[in-house]
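Start from the sequences, fold in the hints, and give me the full structure.
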Amino acid sequence: MIRKGQIVAALGLLLVFALVVTGCGGGQKAAAPASKTVFRFPLSAEPPTLDPAIMVDGVSITVAQNVFDGLVQFNEKSEVVGAIAKSWDISPDGKTYTFHLRDDVTFHNGRKVTAEDFKYSLNRALNPALKSTVAPLYLGDIVGAKDVIDGKATEASGIKVLDSKTLQITIDAPKAYFLAKLTYPTGFVVTKEEVEKGGDKWTETNLIGTGPFKLKQWLHNSKVILEANDKYFQGRPKVDSIEFSIVTSEATQMSMYENGELDMVYVPASDIKRVMDDPKLSKELTIVPHASIQYMALNANVFPPFKDIRVRQAFNQAINKDDLVKVVLQDSVVKAGGILPPGMPGYNPDQKGLPFDVDKAKKLLTEAGYPDGKGFPELTIYIRAGNATYKKIGEYIQGQLLKNLGLKVQLQEQEWGKFLADVKKKTVVPAYLLAWGADYMDPQNFLSILFRDGSPNNRTGYNNPQVNDLLDKADTTSDPATRMKLYQQAENIIVSDVPLVPLDYGRDNILMKPYVKGVVNTPMGPLPFHKVQIQK
Amino acid sequence: MERVGLVSMTNYILRRLLIAIPTILAISLITFIAGYLSPSDPITIMLGDKGDPATVERVKHEYGLDKPLWEQYLSSVWNALHGNLGLSFFYRGWPIADMFKQGLPITARLGLTAALLGVSLGIILGVVSAIKRGTWVDKLAMFISLLGISIPSFVLAPILIIILAMNLHLVPVAGWGKPENYVLPALVLAARPLSLIARITRSSMLDVIRQDYIRTARAKGLGERVVIYKHALKNALIPVLTVTGMTLGDLLTGSFIVETIFNVPGIGRASITSIYQRDYPVIQATTLMYAVTFVMMNLIVDLLYTLVDPRIRYS
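Chains as they are written, first to last, in numbering that gives the first Met the number 0: chain C, 0 to 535; chain S, 0 to 314.
Bear in mind the hints are in silico, worked out from the structure with no lab data behind them.
Predicted, not measured: the structure shown is a model, and the values here were computed from it.
C-beta atoms are modelled at their ideal positions from N, C-alpha and C, and glycine is treated no differently.
All clues stand as given, with none of them false.
Okay, derived cross-link-like pairs now, DSSO-like style, lysine-lysine, Cα gap no bigger than 27 Å in a straight line: (1) S:K100 to C:K213; (2) S:K59 to C:K424; (3) C:K472 to S:K49; (4) C:K425 to S:K59; (5) C:K200 to S:K59; (6) C:K423 to S:K59; (7) C:K215 to S:K100; (8) C:K76 to C:K512; (9) C:K145 to C:K191; (10) C:K423 to S:K49; (11) S:K66 to C:K151; (12) S:K49 to C:K417.
Here are a few chain C residues that face chain S, going by a calculated C-beta distance under 10 Å: (13) I53; (14) A128; (15) S131; (16) K417; (17) F418; (18) S454.
Some but not every residue of chain C turned toward chain S, in silico, with C-beta under 8 Å: (19) L218; (20) V246; (21) S248; (22) A250; (23) M255; (24) K423; (25) P455.
Set out below in structure tokens:
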């Protein structure tokens, strides 16, 4: 028989081994030295790029907006205010913008920013060699931009340097939302000499902007660390650095927050109920509107019954959205009446939408020739696969249509890429669930893009001449009050025409530690973090 | 080693490597075709709901995604043969070679830690429970190893997070760069190999202990320690080696899940992400890398047999 001592020895060995592997000790040492303040916020993915000219995704923008600035920026009320431009004049025809730049703005490398830098940055973004997918959307209104995109010119004729502190941009038609588009990263100023010095890797080695923070380290797939820019023209940041951990798993993000490894986190839908019921976490919860809408599109291009407004209205009025939001989505979102979400300029709190009314819906369907749903052709609603929320909404709508209208519709989950490609073709998918989020805070970004005839994103065959006129007029009107009125008129008509069924407006459910102050959350996400404080 | 043995061994290795070439080519072709057969494309996914069709087409052209399939495949093979793995579509301008340079050592270090943990603890657990057969020590060890085999890593990981990180605060939930960051991912990765190895070691030990030569060894008065460690364990290790070879594969595939949960910037997480994003060049490169690694590991395990058991010969 083996001796007892040997077992003890073996166990000892095991213990030693475990200690070696664990690096001899527990204790979590996430916090930085006390003298330096760090704000720790997760990114849900590795930033696909930190080049502002090509970024398409929220993760990249979250980092870039802390490193770069543009001519203009959004404030906490989602109004466009000056950034590097201290003021601007707009010509009477609404087409020429003259920007007067601040005199005290320097890049992280110490050089002063001039109008020439903006000319370089904007033309660079349009350059086809950069393969920017977003430049056409955000800068395409500038005269001559298309020539640069098509490779016919190297500079857009509409961008002129009047002197080192004055930049003039001419656009192809009066567009009141042009300034809002300039807040997007494609409008950020970069440094020619650093971009050229860094070559293909300038975003890692020479990421020089004017913003409140400088890039200290970008450890791919792990973290991005920024440090304060002491000479920031809008005031030195209150924290010394930002640590963006790249954490792809939502569950891990939550665990890290609860374990004190993160200072702020977005609550995933699956955790929202638990957080609200938890006495400690619920106190750290902030709820802000998110500028987005979830909807069910009714595509008349594909499904002829949707050409009849009565069928579309019946669909809308047969779905109980109060229950959808409260029971199915557990109040993680807000019921949508109209199209423009809360926080968006032009949002109309009185816009309640068509009411939930089963009798009315039945009557409309009967008038359209489908009493009790009889004779209604087979319909399939498409949803994005692998997304629990869409699935829940889809199943709920399926149930409502059966219960309230006697319609048996199919639900089809489809892989995201295929789903998108088919939806964009406009002639394949009869009905689908999707969301639209703001690119910039202007009603044009919702109403004209989704409902104006001829817009690539108007995919349901909706074409109401009256709406087209109202939207065209609103897009070019310069007086904000008149503009918003025109948009609201258009929204009223769209709501009763039901080219899509508005379901809910997005909400950001944010957990923030009590010692974090100064985070400004807007309907388009947090503003740059230079006012954030850690008061431990 | 004898000269003849050395020659035949070299021949054997060469032959195995030659056979590996068509295998790897076939894998690359299948991955390529599967990627392109799947509906939709990386540019559409990159743009999401935004971006008009004209932009999508323009960018596809700029990436060469509108070229004939065979042309795209041949040029990717040609480039790979010249050591140029290309650039990621999604992470703009990021050379895949750099991605590997950063991610591979991390995955390898984590995998190695887990392998060491799994093999050493597994063998210890197996030997102890074989010696103590039928006692509570044996039962406990086998119960633990049963759990280790049956609990999938995506369940074990959150359980360990809750216990070790959130309740006991011994280690951080996730992250990378400090020694304590190894603990949870290595434990989860090691759980299955450890359990398998423990069970195999135990049954193999029990088998060997009943052999005549062990009785002989005891009969000639050798100490129990010598009998167990010198005579029994060495022979009992042959099946253990086979299982170890197989479970090393588990470590590689396990890295996909474990690296994602614990936020480890290794190559496993990079390859999962690339699949979601239809990042074709990265999918191609990581699949090839995994294929080559598997082929090599199989070969190494086969060769190791000869060291442990001289009766095995290759021809």
